[in-house]
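Visitor: These are the residues of each chain, in order.
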Amino acid sequence: MKPFDYVRAGSAQDAVRAGAEGRFLGGGTNLVDLMKLEIEKPDRLVDVSRLASDEIEDGVEGLRVGAGVSNSALAGHPLVRERYPLLSTALLSGATQQLRNKATVGGNFLQRTRCQYFYDVFRACNKRVPGSGCDALDGINRFHAILGASERCIAVHPSDMAVAMAALDATVETLKPDGSTRSIPARSLHRLPGDTPQFDHVLETGELITHVVLPASPPKRQFYRKVRDRSSYAFAVVSIAVAFDLEGGRIANVSIALGGVAHKPWRADRAESVLEGGSPSAELFAMAAEAELARAVGQGHNDFKIDLSKRLIVAALRDLSEGKREIAA
Amino acid sequence: MNQQDSRNWIGKPLDRVDGPAKVTGQATYAADYRGARAASIGFIVEAGIGKGRISSIDTTAAEASDGVLLVLSHKNAPEQAPFGSHKDAGRFGQSHAALENDRVKYHGAPVAFVVAETLEQARHAAHLIEVKYDIEAGVFDAEAHEEDAVRPDSLDGADEADKETGNFEKTFDKAPVTVEAEYHTPAQHASAMEPHATVAEWSEGKLTVHMAIQILSDARKGLAHTLKMEPGDVRIVSPFIGGGFGSKLGIHNEAVLAALAARELDRPVRVAQTRRNLFSNGPHRTEHRQRLKLGADTDGRLLAISHDSLAAMARGYPFAEAAGGLTQSSYAALAIRMRHRIVEADIPKVDSMRAPGEAIGTLTFESAIDELAERCGVDPVQFRLLNEPETEPGSGKPFSTRPLARCLSEGAASFGWRSGPVRPGGKRDGRWLVGHGVAAAIRSNNIEPAGAEASLSRDGRLTLKLDMTDIGTGTYTILGQIAAEALGMQAGMIEVRLGDSDFAETCGSGGSFGAGSTGTAVHEACQNIRADILSRAARIDAGWSGVNSGELRLDGDRVSVGDRSLPLGDILDAVGGETFHCKAHIKAGDAHETMAQYSYGALFAEVGVDTDTAEIRLRRLLGVFDAGRILNRKTAHSQLMGGMIFGIGAALLEESLMDKRYGAFMNRDLAEYHIAVNRDVPRLEVHMLDGFDRHSNPLGSKGIGELGICGAGPAIANAVYDATGHRARKFPVHIEDVLPAVSRLVG
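Those protein sequence lines, which keep their order, are chains A and B. Using the working numbering, the first residue of the first sequence is number 66, and each one after it goes up by one. Using the working numbering, the first residue of the second sequence is number 268, and each one after it goes up by one.
Hints listed in this document are in silico derivations from the structure and should not be mistaken for laboratory results. Only a predicted model underlies this, so the values are computations on that prediction, with no experimental measurement involved. Be careful, since some hints might not be right.
[Said to hold, decoys possible] Result set (EDC-like, lysine to aspartate or glutamate): computed pairs, CA atoms no more than 16 Å apart in a straight line:
no.: 1; chain 1: A; residue 1: K285; chain 2: A; residue 2: D310
no.: 2; chain 1: B; residue 1: K664; chain 2: B; residue 2: D936
no.: 3; chain 1: B; residue 1: K430; chain 2: B; residue 2: D420
no.: 4; chain 1: B; residue 1: K342; chain 2: B; residue 2: E431
no.: 5; chain 1: A; residue 1: K67; chain 2: B; residue 2: E387
no.: 6; chain 1: A; residue 1: K285; chain 2: A; residue 2: D108
no.: 7; chain 1: A; residue 1: K101; chain 2: B; residue 2: D936
no.: 8; chain 1: B; residue 1: K901; chain 2: B; residue 2: E952
no.: 9; chain 1: B; residue 1: K927; chain 2: A; residue 2: E238
no.: 10; chain 1: B; residue 1: K854; chain 2: B; residue 2: E952
no.: 11; chain 1: B; residue 1: K997; chain 2: B; residue 2: D564
no.: 12; chain 1: B; residue 1: K560; chain 2: B; residue 2: E431
no.: 13; chain 1: A; residue 1: K375; chain 2: B; residue 2: E1003
no.: 14; chain 1: A; residue 1: K106; chain 2: B; residue 2: D420
no.: 15; chain 1: A; residue 1: K101; chain 2: B; residue 2: E387
no.: 16; chain 1: B; residue 1: K495; chain 2: B; residue 2: E410
no.: 17; chain 1: B; residue 1: K732; chain 2: B; residue 2: E677
no.: 18; chain 1: B; residue 1: K342; chain 2: B; residue 2: D369
no.: 19; chain 1: B; residue 1: K441; chain 2: B; residue 2: D333
no.: 20; chain 1: A; residue 1: K67; chain 2: B; residue 2: D824
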């Protein structure tokens, strides 16, 4: 771990003023691990874990969640369980109880990929060292992307929470070092790798996530399901967040996000287009799944994820149209 | 506990005597040790290539970094005996020299060692070291270099690498029903909770090492040979070990480097390997390709068995796993053949991991047996019963005991086994495909030479001192039980002291031989104490003459027989001496040569396979075991359960993934290397038969630590087949392996 300055921010404004040269520290569950390996080498850590950002407020615009709220607290909040059950399920399917107690909402969004080539400093990784290459392309890539990857990077984003946030059309509120604020749709917070996989997201240097706002009236039917090799404490092979309403027997306000398939939580807008306004049926669900995965490309070890993703989409839509809300695998 | 009870300590489900110390943090594991002088902290710098030569190494920046006390590399490392010398001391006792030259032998091998005041300082300085390499092509994959395969000189757990009873080819050719299958089992790391850790300190040319180690006497030899010292000048201390599973049988790089640096610095050095370190600086079970050929007649009687294994051996480190070793002991057949081949490879140390041989051997063999039973149209439990041998098929030796049939029958009844031939894909429970599977477990029973030292004080307290280890198995507790029963005294009056090479040399922990071997030595030492008390008592009171020493009872500070009673202190005062002090030394009896000795089990599994996602989840696992006499029903139960959980990992979870372009293990943490978590472990049922093997040792016990893992994996794999129709050919079984079968069944 490279020696670094440690600053404890008293306010969000303080934090962004101090943060330009460093990294923000929330729960530290990913950042500190990466610092030990000197994959992350900040000169300064700005501790934002003690900011008064652990509040959850309900208002007309929706549920406003402080970036410092722990994953456990958010998952267990009565309003989250009632109104955004897919978010609660997604959070609880991530990591372990100990990690969820420590991990924050802001930090969860910004956790980095689990690509093993990113973690091994002796291997080529464009995300870690731009221009060095990608050893995952012809390497062990069972966990890698099937959608939206580039020849520079086939890593996937590991978060469950971010997949749920993308499906719920949550909004991320930020504060920039110049004091200005902006709102970013959660589905647009992360980016595809393209030629610059070193950038996971669209935040600028020193820009701090302060809140996440969940819409006041999300679809009534919600569902999150995570496919994993180990029944707990395992990253998703593929995961899915689905929400829709049934209005007069027809699907309305549908949103679907997939996890474990891309460099970002993958909003399945092609599937959504097929579904919106349709009557639930096995044929429709299959058509939606086919439409979304038509552009999927396997990397070798992960070819099965294409078929698996289709099956998962169909199963999730089936269960949700039958009124099942969540599933404990 | 009353007098009557105190005669029957063995078998009681006593709580672990070290339990309170462990759960309150009072148990000092190796890295917890704090001596009089503050230790400096070492950190291993790993090679970033699989094979080659260090062309340059620049340690200047590291040496100048804050807090750094010493940087060792091959350029300045003190002289050691060449790696692998002292071969006759065995692989644990041979030289384990580190940083001995500019060669990189495997990915992650130490290229430097940094010692600093704090861990953070050492770790950061490690990153400042610049190493350049001349990379050479390495061998990382046995199968890709099969043309270089040779027969190993020795095989762990079997006498010969190749063995054939009868004529396999001829018999197999005539068999009307056959199975031919090729299996791949993965590399695995033991992943004990406690990493390999060492604190080394020197005093007047003598070395004391606090370390996590299973066998102290071997570690002492290994360090002494490496450092060119006399074994008597090395003391090893290891009172508590946070899991071994074979990975702590021998010493590893951190121990050698800590000892070297502590001598250079004249200051204690502490090193705990990081979890990532363990994947290259600790040992592993290597990948195996196993080929099974089985032939039977149409009634389900086995005719021919062939079991071939191909694996890598770490270059210069003689260990090969006997994957096919158990085949000659399992079932009756006219012809049985096993062949083992190895390819020397440039990979980290390959060594024992829990149940070497049987763990991966039963995984494939018992899967193939299930397949053959199906082809014969015979129920798989019945198939195994049909093929029970009279004597050990490969050797013709009589079995000391052979309770496998009883394990199978009782297991089938407890589990609710629905007999009949396997018909996969027939059972549904909601969205789950449900399957049942069975497999037999077999694990060789060994006794190793062991000593013991016991002393009884005038106030009736017994102290045992052994260099034995308790790797979490319950050794402290069972040795006390054995001594209490042997002397007819209260267990609470006994202090068991373990894990110090100054104590009596034992076999240590490994190969499931610890309890039986050391337990017998303790039993013998206590018998000697009885004889000593009696002979001394007879010198002061003629009434004790002619008494059988077995009738003596200890009650507090008095010894009694019939209506005679004497304070121990009076005997000591009369004949001189402060304590009754006796030693014992035991070795395996002839019955270990003349008879085939194994412990046995039958495992029954129920799995569910998700019809949407092909996720496999174990629903229940039941084992019926016979390991001779059970020494403590609680710790034995835990050991068997732990073994079964290892079996879950073997079937469904555990694999160390190597990128074979580089010889580098890639999933080097516990988020990526999947050991079973609580949710993967549903209802586990452990049944123990009340066996007693009089040929094994005077206690009647047999090895138990590795038995549970054998058979658990294949029972699960066979259940997956029953659920889906997918026959596992590689392990662990993943979603993508069963997805096509699930798709065929349910669309």
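Visitor: It remains to establish, for every hint, whether it holds in the given structure.
Guide: Okay, the hints, checked on the actual structure:
Restraint check for A:K285 and A:D310: the C-alpha separation of about 6 Å stays at or below 16 Å, so the hint holds. Distance hint between B:K664 and B:D936 is unfulfilled; the C-alpha atoms sit about 45 Å from each other, more than 16 Å. At most 16 Å may separate the alpha-carbon atoms for a hinted pair to count; B:K430 and B:D420 meet this at roughly 14 Å. This hinted pair does not check out: B:K342 and B:E431 have alpha carbons roughly 50 Å apart, beyond 16 Å.
Between the alpha carbons of A:K67 and B:E387 the distance comes to roughly 8 Å, so the proposed pair stays at or under 16 Å and holds. With a C-alpha separation of about 46 Å, the suggested pairing of A:K285 with A:D108 is violated against the 16 Å cut-off. In summary, the hint linking A:K101 to B:D936 is supported, as the alpha carbons are separated by about 13 Å, within the 16 Å threshold. As the CA atoms of B:K901 and B:E952 are separated by approximately 13 Å, the hinted pair is consistent with the 16 Å bound.
A C-alpha spacing of about 45 Å is found between B:K927 and A:E238, which places the hinted pair above 16 Å, so the restraint is violated. Pair hint B:K854 plus B:E952 does not hold up; C-alpha atoms about 34 Å apart against a cutoff of 16 Å. Only pairs whose Cα atoms come within 16 Å are accepted, and B:K997 paired with B:D564 is rejected, the gap being roughly 27 Å. Only pairs whose Cα atoms come within 16 Å are accepted, and B:K560 paired with B:E431 is accepted, the gap being roughly 13 Å.
Under the criterion of a C-alpha separation no larger than 16 Å, the hint pairing A:K375 with B:E1003 is consistent with the structure, at around 14 Å. With a CA separation close to 49 Å, the supplied pair A:K106 and B:D420 exceeds the 16 Å bound. Proximity of A:K101 to B:E387 is assessed by CA-CA distance (about 8 Å); at most 16 Å being required, the pair is judged to hold. This hinted pair does not check out: B:K495 and B:E410 have alpha carbons roughly 38 Å apart, beyond 16 Å.
For the suggested pair B:K732 and B:E677, the alpha carbons sit about 40 Å apart, so the restraint of at most 16 Å is broken. With a C-alpha separation of about 8 Å, the suggested pair B:K342 and B:D369 falls inside the 16 Å cut-off, and the hint holds. For the proposed pair B:K441 and B:D333, the alpha carbon gap of about 75 Å is over 16 Å, so the pair is violated. Restraint check for A:K67 and B:D824: not satisfied, since their Cα atoms lie roughly 62 Å apart, outside the 16 Å limit.
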